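**Student:** My request is simple: use the sequences and hints to build the entire structure.
Residues per chain, in single letters:
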Amino acid sequence: MEWFEDSALSIATFVPFIGALIMLVIPKEKEDWLKGFALAVSLTSLAVGIGILFQYDYGLSGLQFEVNVPWISAINTRYHVGIDGISLPLYALTLGIVVLCILYSWHHFPEPHNPKMFLILLLILETGMLGTFVALDLILFFVFFEIVLLPMYFLIGIWGGANRKYASIKFFLFTLFGSAFMLVSFIAMYFLSQPHTFDIVTLTEQGLDIARSTGIWVFTGLFLGFAIKVPMWPFHTWLPDAHTEAPTVGSVVLAAVLLKLGTYGFVRIGLPILPEAAATWAPWIGLLAVIGIIYGSLCCLAQTDFKRLIAFSSVGHMGFVMLGIATLTPTGINAAIFGMVAHGVVTGMLFFLAGSMHERYHTRDIPRLGGMINSIPRLAGVLVLISFASLGLPALAGFPGEFTSMLAAFEPAPGLDAAAFRVFLIVAAVGTVLTAGYMLYMLQRVAQGPIPSEWEGRRFHDINSFEYASWTPLIILTVALGVFPGIIFNVTNETVAPLFTGIFG
Amino acid sequence: MEIFWLLPILNIAACVLTFFFARSLAKGKAHLFTVPVVGFSWLVALFATGQVISGHEVVSQSVEWFDFGAGSLRMGVHIDGFAVVMMVVVTSISLAMQVYSISYMRGEVRYITYFAIVAFFTAGMMILVTADNLFLAIFGWEIMGLCSYMLIGHYHEDIANSGAAIKAFLTTRTGDLGLLIGAIICFWMVGTFDIEAINLAAFEGEFTGHMIEVAAIALFIGVIGKSAQFPLHTWLPDAMAGPTPVSSLIHAATMVVAGVYLVARLYPVFVEAFDVAQATGLRSVHLVALVGAVTALVGAFLALVQWDLKKILAYSTISQLGYMIFGLGVGAWGAAVFHLFTHAFFKALLFLGSGSVIHATHTQDIREMGGLRKVMPRTYWTWIVGTLALCGVAPAAGFFSKDEILAGAWHNSYQWVWILGVVGAFMTAFYMFRATHLTFHGEYKGHGHPHESDNYITGVLISLAIPSALLGFIGLPGQLNRFDRWFEPEIIHEVVEKYGMVKEEITSETYLLALVSLAVVGLGIGLATMLFLPKWRDSWVPGGLHSGWTRRAPLSYGRTLLENKLYLDALYGTITLWIRDDLSRASYWVNQKIIDRVVDFAGTASLALGRGAYLFDQEGLDGFYDGLGVGANRSGRALRSIQTGQVQQYAGVLIVAATLFGIFFILVN
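Protein chains in written order, with this note's numbering: chain A, 1 to 505; chain B, 1 to 669.
The hints are simulated quantities; they were obtained by calculation from the structure and are not laboratory data. Mixed in with the good hints, there may be bad ones.
Which chain A residues face chain B? A few, computed with CB under 7 Å, are given here [as the list claims (entries may be wrong)]:
#	residue
1	GLN55
2	ASP57
3	THR237
4	LEU298
5	PRO330
6	THR331
7	ASN334
8	VAL433
Just a few of them, taken from the derived set where beta-carbon distance is under 10 Å, the chain B residues facing chain A [what the hints assert, rightly or not]:
#	residue
9	LEU32
10	SER62
11	PHE66
12	MET150
13	GLU157
14	ILE166
15	ILE181
16	GLY370
17	LYS498
18	ASP581
19	SER584
20	GLY603
21	TYR614
22	PHE616
Coverage of chain A stretches by chain B, computed from C-beta distances (three or more under 8 Å per stretch; other residues unrestricted) [said to hold, decoys possible]:
#	segment
23	258-264
24	402-408
25	448-458
26	492-503
For clarity, every value in this text was computed on a predicted model and none was experimentally measured. Where a beta carbon is used, it is the ideal one built from N, C-alpha and C, also for glycine.
**Tutor:** As structure tokens, this is what we get:
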């Protein structure tokens with residue numbers, strides 16, 4: 001199986017892109033061909049991904065499926081990809097989510113329709129996201145990181161809601177702004193390393209022999225790039241607009257995968273290469289994280305737009321992820337990766353629900369909704385389940401990540417101010433109450449109560465077969481991750497523990 | 001006992017089956033799935049009780065669960081006598097209320113969902129009481145919270161009910177933040193979530209610094225929320241919005257005692273942290289005893305002014321939970337757990353009895369009842385058994401359990417708690433007989449013609465009345481006590497021994513204390529009968545109770561205070577609404593008007609800068625860039641038909657920003 005080891009990652013990553021190129025020549029009118037082809041492409045990629053899951057040696061800590069060949073020798077950049085316990089769960093999540101998105105879209109292409117362009121963009125997006133998770137060269141990482149931007153920009157800008165123009169430009173510029181700083185830091189790392197290299201693995205192993213203050217500045221650049229993507233408070237304002245205006249599938253991908261590119265960047269690049277600077281930054285990151293938790297939850301309470309509410313809830317949930325990262329402990333980082341996957345599954349699912357509700361009611365205005373338990377019982381049942389997962393109920397996916405994050409905050413890495421982190425822990429715990437508050441308040445207005453007079457006598461379709469197909473895996477994962485957190489923890493810890501033990505402070 | 005781990009799984013399976021297949025396979029008769037399972041669980045629990053009595057060893061089974069970095073976790077059960085007692089409580093009451101519900105919920109909306117959630121709840125409580133580690137226990141704890149939320153909101157079409165459900169969930173969730181933090185502290189102090197290890201570490205003083213106090217206080221906040229202790233008790237009366245059988249299972253017998261269970265389970269932690277034995281004399285505030293005693297009194301006082309039959313029972317439950325908590329707080333572990341055990345039966349009986357009454361009269365207001373003794377004899381006589389047990393009239397079960405708590409307070413030099421407890425006992429007798437007289441005696445004042453409930457309901461009432469009457473005899477005082485000897489876990493026994501917290505022999509003091517509390521209870525019953533028994537009332541209080549002297553200060557102030565529930569609901573309501581409506585809007589205002597304005601401003605400013613740069617680019621550098629730009633322009637033209645933004649300009653911004661940062665970088669270096 002040598003050939004599989006050598007090529008699996010590249011195949012899984014680039015199949016969607018190649019598929020997108022082929023789709024360019026399929027006539028626009030052959031919609032069924034286009035849909036079928038796109039689904040086949042994403043399934044192929046997923047199949048290779050499943051092969052990787054089977055071939056992956058879960059007992060090893062290092063990188064696997066590694067490929068390292070010259071790429072642009074002029075700037076000493078190599079095509080270096082590989083996968084380990086940190087990237088594997090996110091890689092698998094991405095492969096799965098795209099398939100579900102294509103399934104969900106089947107009869108739901110938003111205006112102005114055009115499945116051909118929509119699916120091509122989605123597949124290019126997939127390659128960008130997959131590539132980011134396996135890239136081990138800073139320039140390669142940057143390229144993938146940026147490839148993601150454009151398709152998403154068009155998905156929002158073309159298929160979005162009424163205010164799509166503003167939202168898409170804001171999304172594009174905001175993240176690009178961060179990327180610029182990130183790129184400068186990448187270049188700085190190149191010139192500050194001896195010998196000069198863009199290789200993440202080499203940089204991690206040999207570290208940067210630089211002054212403390214320089215390290216902090218380099219980290220600042222990375223921080224801006226990643227924190228905007230996460231997004232951390234106060235760099236989050238692109239998110240509610242992007243989510244609200246994006247088409248359903250765009251929101252799902254945005255929530256499930258795109259936000260993780262930022263947190264993943266911290267774990268893959270920021271922390272291991274610049275541990276000292278990370279330790280200086282950590283309390284501030286922790287502070288912004290818990291501010292985000294409280295602030296995001298409070299903003300949720302004020303929302304009347306269902307989608308916007310979920311968007312703000314992401315700010316809070318990603319706060320828990322960042323709190324885990326800020327502790328700089330293996331436990332915290334495990335918690336963060338768990339949180340990323342769980343948030344991807346749960347919030348992705350919530351956006352699917354938002355889309356389906358909008359399809360039925362043609363509004364997302366919470367005060368106008370109500371009584372869904374009586375009018376669309378199954379959909380309402382799923383909504384209740386997923387909402388409880390989102391508010392962090394044990395035995396569902398949201399809990400293990402959040403709890404372990406808080407657990408890690410009690411005992412941050414040596415050298416960090418434990419008292420500060422314990423305060424963060426308490427603030428985060430208060431956040432869990434607020435989270436429950438806005439979720440239940442939402443359910444009370446949307447799912448419970450009598451059917452409002454506006455909708456009385458209207459018959460709504462309950463969950464249809466395409467919705468079942470795209471939701472069932474996520475619902476199963478929501479329960480499975482909650483009951484068996486080892487599905488993620490046992491994979492990540494093998495890599496995280498050796499990589500992050502004793503490198504800080 | 002070896003198959004206990006299977007029981008929660010079976011109940012969850014029953015829940016899932018009911019949910020998905022009850023409609024198609026059983027024509028909606030959801031109980032066909034859940035009742036056999038809970039019945040089986042009940043038999044297993046009874047059999048296990050026999051095993052424990054005959055000296056069966058503790059069963060510990062666990063499997064690898066997951067490893068999150070700081071430690072690995074196992075999922076497992078730890079079944080000792082205490083766990084078995086709890087299992088008996090859960091399965092008995094759950095079985096009783098499910099059989100009862102077959103009749104009570106017949107024809108109601110969401111019959112299937114109701115049974116499914118009840119089964120899930122039963123599993124949750126089973127997980128809690130058998131869990132060998134705190135992490136798993138939290139699973140059970142929160143599953144119950146979820147089910148409680150759903151069942152309180154069963155009739156969610158009325159916004160008051162969904163509001164009550166939210167209130168219950170959020171109040172307990174507020175307490176839960178303490179539980180989570182307490183569990184986290186225990187983990188870091190001991191290195192594991194394992195309950196036995198935590199107990200041992202606490203017993204041997206292995207917590208560093210003041211961490212044991214912090215952990216105990218945090219955990220106790222969780223207890224206050226879940227077990228409806230003052231000042232977080234306000235959710236429980238509102239939780240009566242759920243169907244009455246739910247109140248009997250969740251809000252009387254099982255979920256609300258989860259907090260009591262937690263204190264009893266982690267007893268060494270609380271004993272050491274709060275100096276329950278008063279051995280060191282270091283700490284003057286005995287938090288557990290104080291909160292419990294205050295709750296016992298507050299609950300009893302609030303029950304006095306209620307007219308809603310279920311709310312009287314709800315406040316009574318709060319008060320009795322207070323007894324259990326202060327029992328633990330004064331070192332009477334066995335008595336408190338015994339009271340938990342007996343209370344489950346007689347309070348479930350009373351709730352189900354009230355359900356029978358409500359079913360017959362279609363009201364919950366005791367002013368619209370009266371005279372039901374004649375038409376509902378079975379309900380009446382079982383209610384009397386439950387009432388006597390609750391008041392603590394010998395030889396009903398409540399007499400032994402409550403009296404032992406009081407004796408324990410006296411024995412461990414908590415005289416102030418003993419006094420509060422005795423006052424509470426007086427109040428209990430008073431409010432229960434007030435309710436009994438108004439409901440069952442005199443003339444019927446309501447509408448329609450109430451009649452006795454069917455055999456499902458009265459059968460269940462009778463089956464619960466028997467243990468309510470007789471169970472006390474296994475918990476006799478002193479050396480006659482069987483309950484402690486059978487069911488007390490090893491570690492608790494060691495703690496109790498170490499501080500000499502239990503009196504071994506029966507002395508004249510024992511009889512004296514029992515006589516005092518019996519006399520006080522008699523006084524309460526007598527006074528209530530004088531004031532409320534219709535036959536006698538008019539001769540004692542001419543013009544009725546609500547005229548004359550009760551209207552005058554200071555009694556009227558007290559009445560106003562109680563009728564407004566000590567203004568706690570108003571306070572919490574104000575705070576919650578302030579956060580929900582005002583603070584949230586203020587945050588969102590900051591988001592839209594300040595943070596986002598900065599972003600928009602930066603955008604506009606860069607746009608201007610970008611235009612300048614673009615101008616410079618076009619005028620100055622176009623020769624060089626034109627060559628590069630051809631390709632970009634072509635693809636750009638293709639995209640322009642669909643895109644609206646001017647990406648080229650922003651690319652200009654990007655370059656400017658990057659250059660500035662780069663220059664800055666070089667300068668800093």
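**Student:** Give a verdict on every hint.
**Tutor:** Verification of the hints:
Taken as an interface hint, GLN55 of chain A does not check out: its beta carbon lies about 22 Å from the nearest beta carbon of chain B, beyond 7 Å. With its C-beta approaching chain B no nearer than about 17 Å, ASP57 of chain A sits outside the 7 Å limit, and its interface hint is violated. Hint on THR237 of chain A holds. Least Cβ distance to chain B is approximately 4 Å, under the 7 Å limit. Of the supplied interface hints, the one on LEU298 of chain A holds, with its beta-carbon coming within about 4 Å of a beta-carbon of chain B, less than 7 Å.
Hint on PRO330 of chain A holds. Least Cβ distance to chain B is approximately 4 Å, under the 7 Å limit. Interface hint at THR331 of chain A: satisfied, since its Cβ lies 4 Å from the closest Cβ of chain B, which is below the 7 Å cut-off. Interface restraint check: ASN334 of chain A against chain B, minimum CB-CB distance 5 Å, threshold 7 Å, status holds. Taking 7 Å as the C-beta contact cut-off toward chain B, the hint placing VAL433 of chain A at the interface holds, the least distance being around 5 Å.
The beta carbon of LEU32 of chain B is not positioned within 10 Å of any beta carbon in chain A (closest approach about 21 Å), and the interface hint is therefore violated. Because the closest C-beta pair between SER62 of chain B and chain A is about 14 Å apart, greater than 10 Å, the hint is violated. Given the 10 Å rule on beta carbons, the hint for PHE66 of chain B holds: about 3 Å separates it from the nearest Cβ of chain A. With a least beta-carbon distance of about 8 Å to chain A, the hint placing MET150 of chain B at the interface is held under the 10 Å criterion.
Hint on GLU157 of chain B holds. Least Cβ distance to chain A is approximately 5 Å, under the 10 Å limit. Because the closest C-beta pair between ILE166 of chain B and chain A is about 5 Å apart, less than 10 Å, the hint holds. Because the closest C-beta pair between ILE181 of chain B and chain A is about 6 Å apart, less than 10 Å, the hint holds. With a cut of 10 Å, the hint placing GLY370 of chain B at the interface with chain A is violated, because the nearest CB-to-CB distance is about 34 Å.
Evaluation of the LYS498 of chain B hint against chain A yields a violated restraint, the C-beta minimum of about 30 Å exceeding 10 Å. At a threshold of 10 Å, the smallest CB-CB gap from ASP581 of chain B to chain A is about 8 Å, leaving the interface hint in force. Against a cut-off of 10 Å between C-beta atoms, the interface hint on SER584 of chain B holds, since the closest Cβ of chain A lies about 3 Å away. Among the interface hints, the one on GLY603 of chain B holds; its C-beta lies about 6 Å from the nearest C-beta in chain A, closer than the 10 Å criterion.
Because the beta carbon of TYR614 of chain B sits about 15 Å from the nearest beta carbon in chain A, more than 10 Å, this interface hint is broken. Interface restraint check: PHE616 of chain B against chain A, minimum CB-CB distance 19 Å, threshold 10 Å, status violated. A count of 0 residues in the segment 258-264 of chain A with a Cβ less than 8 Å from any Cβ of chain B is obtained; the coverage claim is therefore unmet, three being the minimum. Remark: the segment 402-408 of chain A is confirmed as covered by chain B, as 5 of its residues place a Cβ nearer than 8 Å to a Cβ of that chain, reaching the required three.
Coverage of the segment 448-458 of chain A by chain B holds [criterion: at least 3 residues with CB-CB distance below 8 Å; count 3]. Counting residues of the segment 492-503 of chain A whose C-beta sits closer than 8 Å to any C-beta of chain B gives 3, which meets the bar of three, so the coverage hint holds.
Checked against the numbered hints above, the structure violates hints 1, 2, 9, 10, 16, 17, 21, 22 and 23; every other hint is satisfied.
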